[in-house]
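Using the sequences and the accompanying hints, generate a full structural model.
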Amino acid sequence: MSLSDEEALLGSLNASQRNSLETFAAVTNRDPHSADSLQALQESGWDVQAAISRVYDGAPDTHAPEEADDDDDNHHDHDPPLLSAGSPRRRAPQQTGGLGTGAIGLYYLRQALALPLAILAYPAALLYNLGAAIVVFLARLFRLRPSSTASFRPRNPFAGAARPRTTVSPAAAAENFVRSVERVTALSRRGQSATGSASAAASSSSGLTSRRHHTRGGGGGGGGTGPRIPEFYIGSYDEALRFARDEMRILMVVLTSEEHERDERFKREVLVSEVVNDLVDEERIVVWGGDVSDRDAYQVGQTLSYISLPFVAFIALQPSGPPGLASNPATAPITSPRMRLISRLEHSPTSPLTATTLHAHVQTAVLPRVKPFLARLVAQKAQREADRRAREDAERRVAENARRDEEKVLAVRRREEERQRAERARLEREERERVERLEREWEAERARGWRERKRREFLASREASPAEEGAVRVAVRLGNGQRVMRTFAGDAPTEEVYAWTECELEREADLAARAVPSAPPPPPPSADYVQRYHFRLATTFPRQVIPLPSHLASPSTTHLSDHDHHARSDQTVTVAEAFRGLGKTVNLVVDGLETRRRMSMTSREGEESEEEEEEE
301 MSLSDEEALL
311 GSLNASQRNS
321 LETFAAVTNR
331 DPHSADSLQA
341 LQESGWDVQA
351 AISRVYDGAP
361 DTHAPEEADD
371 DDDNHHDHDP
381 PLLSAGSPRR
391 RAPQQTGGLG
401 TGAIGLYYLR
411 QALALPLAIL
421 AYPAALLYNL
431 GAAIVVFLAR
441 LFRLRPSSTA
451 SFRPRNPFAG
461 AARPRTTVSP
471 AAAAENFVRS
481 VERVTALSRR
491 GQSATGSASA
501 AASSSSGLTS
511 RRHHTRGGGG
521 GGGGTGPRIP
531 EFYIGSYDEA
541 LRFARDEMRI
551 LMVVLTSEEH
561 ERDERFKREV
571 LVSEVVNDLV
581 DEERIVVWGG
591 DVSDRDAYQV
601 GQTLSYISLP
611 FVAFIALQPS
621 GPPGLASNPA
631 TAPITSPRMR
641 LISRLEHSPT
651 SPLTATTLHA
661 HVQTAVLPRV
671 KPFLARLVAQ
681 KAQREADRRA
691 REDAERRVAE
701 NARRDEEKVL
711 AVRRREEERQ
721 RAERARLERE
731 ERERVERLER
741 EWEAERARGW
751 RERKRREFLA
761 SREASPAEEG
771 AVRVAVRLGN
781 GQRVMRTFAG
791 DAPTEEVYAW
801 TECELEREAD
811 LAARAVPSAP
821 PPPPPSADYV
831 QRYHFRLATT
841 FPRQVIPLPS
851 HLASPSTTHL
861 SDHDHHARSD
871 QTVTVAEAFR
881 GLGKTVNLVV
891 DGLETRRRMS
901 MTSREGEESE
911 EEEEEE
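Numbering-wise, the sequence shown is residues 301 to 916 according to our numbering.
I should point out that these hints are in silico values taken from the structure, not numbers from a laboratory.
The model shown is predicted, which means the values in this text are computed figures rather than measured ones.
Mixed in with the good hints, there may be bad ones.
Here are the computed distance ranges between Cβ atoms for each label pair [as the list claims (entries may be wrong)]:
1) Pro842 x Glu757: 30 to 38 Å
2) Glu582 x Leu710: 56 to 64 Å
3) Glu757 x Thr839: 21 to 29 Å
4) Gln342 x Arg704: 51 to 59 Å
5) Lys681 x Ala660: 42 to 50 Å
6) Ser312 x Arg691: 24 to 32 Å
Idealized CB from N, CA, C, for every residue including glycine.
Below is the structure:
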């Protein structure tokens, strides 16, 4: 696969796949940008645990790039990065953590003398095992209990890095390692008893317990200072690595073996040392430990290429420069940092691993190299968080302002819509009133024309003589107090009396309208015009409403004649029939005169308003 193809494939990975690739590279000590890492994860379906198992349980990796050897030869002054390319089992001389060439010589000497010494030590080991069995038998027979937790198990001083003999989960293996430290040191983890550690591990469904609260406390669950067990991270190595990376903290990896002769001494003197734990708590170092007899710790040991046990390594975020290239942590770029192996400590005859050497190594070799860069990363993260919060606040303010502006726009729009609705309602009302006024005016003009014609007819016709049979003299009191009289023939219909009264009631109004120079003459009524009367005529005493055909009575006069069934009729009633028994002279009153006056005033106001509009 060419370089461009690898870059294209890396660019197509999502965030979860990139995280899996980085974790796989950190555990297996491979280059995350190599095609082998991508192929291993793709063949395992991006399952990190399955890919790691295939690397360590399957055939050895034969595809490591040869260029890594040249890099190791050219950069002997600096520790290579944790994720650099190369075989997991190959280690460079500079990775001895400052032990010099003595440890390397011891390594090759042990490899050369392993078989001869194993043959020579076989009789001694047989005698040792026999003696240990006798001591154990006597101790059980006499119920003797040793004063310490030291076992009588025979130890093989030439036991190398064998395959792991247990296959428990990484979280359970880490919990077992912490319990072994508790058994050896007779101390318990902070905040719980030693007997409760197993139940605490079982209570976690995932087997992962991140001890993030670093407080000082003594062993046995007590508080204060003194010897105590470190706050171990309970989980797999890649989880601890990921946790330290995300929290921007130093990861301290501790590897031991219960079969090693210095295991118990290391746990009692180094792991529970007050000065070491104070420094770990103060610098917030993440501590992860394991026994190389367990699968996860064995794989970590193969990745970190330890020589002797006990073994301590420090891993932290460092600049993402080329492997082995020296850089100043205080000034190196902080873009895309990567987890790298900072240093390591191993026990050797020339440099024993004690609490003092571990404390001094952290103070002089680890912290000066890591703290400035981590401080810059933490400051950058804090700045990003501050920028993110400021951006969120700005976006929230913008959204709030937009919401308020939208509410204002909606309020203005609602007010405008309400104004437009009110304006439309007003215009519709005015138009309706105008049409009604025009209809009333037209009706009034037609009625005036009809009255003009009726007056001419009354003037042209002869008034009946009082001496005629059935003739009746009618006297009507008008609204202005004037009293008018006229004699009607007995065979004349009562509607003639109503027509004469209508003409007399509107005489003054018609004269006033006629006196206006610009007033047009009233239109002549059409042949189908029917005059409706808005009043009723009635005698004073006894009260009797003069009948009127129903098609000539206005609906507004219905209440004036409801009590008299003869007042409204579809048949024509003559004057003689209507005034029978009332004498020759009958005084009538006009009922509904107030309603008629209001209608007349409304008509006049409409005419005046129209005249004013025309003048304007």
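Right, here's what the structure says about each hint:
Look at proline 842 against glutamate 757: about 32 Å separates their beta carbons, and that is inside 30 to 38 Å. At roughly 59 Å, the beta carbons of glutamate 582 and leucine 710 sit within the given window of 56 to 64 Å. At roughly 26 Å, the beta carbons of glutamate 757 and threonine 839 sit within the given window of 21 to 29 Å. Judged by the Cβ atoms, the range 51 to 59 Å given for glutamine 342 and arginine 704 holds: they are separated by roughly 53 Å.
About 30 Å separates the C-beta atoms of lysine 681 and alanine 660, a value inconsistent with the hinted range of 42 to 50 Å. Range check, serine 312 to arginine 691: about 29 Å between beta-carbon atoms, so the 24 to 32 Å window is met.
Checked against the numbered hints given earlier, this structure breaks only hint 5.
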